[in-house]
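Participant: Note that the protein sequences, when read in sequence, are chains A and B. With the first sequence counted from 1, adding 321 to any position gets you our numbering. With the second sequence counted from 1, adding 19 to any position gets you our numbering.
Derived from the structure by calculation, the hints contain no laboratory data. Quick caveat, the model's predicted, so the values are computed rather than measured. Don't be surprised by glycine CBs; every beta carbon is placed ideally from N, CA and C. Possibly wrong hints are sitting among the right ones.
With the C-beta cut set under 10 Å, the calculated list includes, among others, these residues of chain A facing chain B [unchecked claim]:
#1 Ala344
#2 Gly356
#3 Tyr427
#4 Asp432
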Amino acid sequence: QVQSVESGGGLVRPGKSLILSCAASGFIFGDHYMGWMRQSPGKGLEWVSYISGSGKDMFYADSLEGRFAIFRNNAKNSLFLQIESLRVEDTAVYYCVRAHAVNGYYAGFGDWGQGTLVTVSS
Amino acid sequence: EILMTQSPATLSVSPGERVTLSCRASQNVNSELAWYQQKPGQAPRLLIYGASSRATGIPARFSGRGSGTDYTLTISSLQSDDIGVYYCQQYNGWPPVFAFGPGTKVN
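Given these sequences and hints, build the entire structure.
Facilitator: Next comes the structure, spelled out in structure tokens:
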């Protein structure tokens, strides 16, 4: 079955960098747009980034101010999110998500990983 | 930037009740709207896409409707397993900008 497993979270000092990973299985990875969402403790959902199946097209939420980079390795069925200059407000559970497509068009995020918690604190 | 609002913020209901949640976009999203359910301690699950199409495996008691800026999610007969937070999300436009509503908590 479709599965996405995130890793790389943990306690990080403000100003440091981090790379989150997502190992995907159960589908043809390179055929799907993928993305990252985050959810601060007790808060709602926030879209972070989105990447095409080939990895050539990347999109980011405007609020991230260029500190985030999404990339993928289709040969290893893996998705990544690099976060620079971490801030306390980046503290959140980060979810790896797969775009659900209907007739080739985006139709929601159909599959979510269990999430990895990033805590930014001194 | 499209802003999403949801009402009510919290809803207390009993099993068997009919529940209707509302979502409003700050501009027309052309039915490019999804609904998600998030149970406590779990990742969200896609319920509805395209404003009214149920995702695979979603029970028929969940239905969505709406157009333009106003959308609703209805649970025809609430079950105890339906407790959680429900989020709407718009995906209109290119390049993609995905905006979520603040959620409705169903107690």
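Participant: Give a verdict on every hint.
Facilitator: Results for each hint:
1. Ala344: violated (15 Å)
2. Gly356: holds (8 Å)
3. Tyr427: holds (6 Å)
4. Asp432: holds (8 Å)
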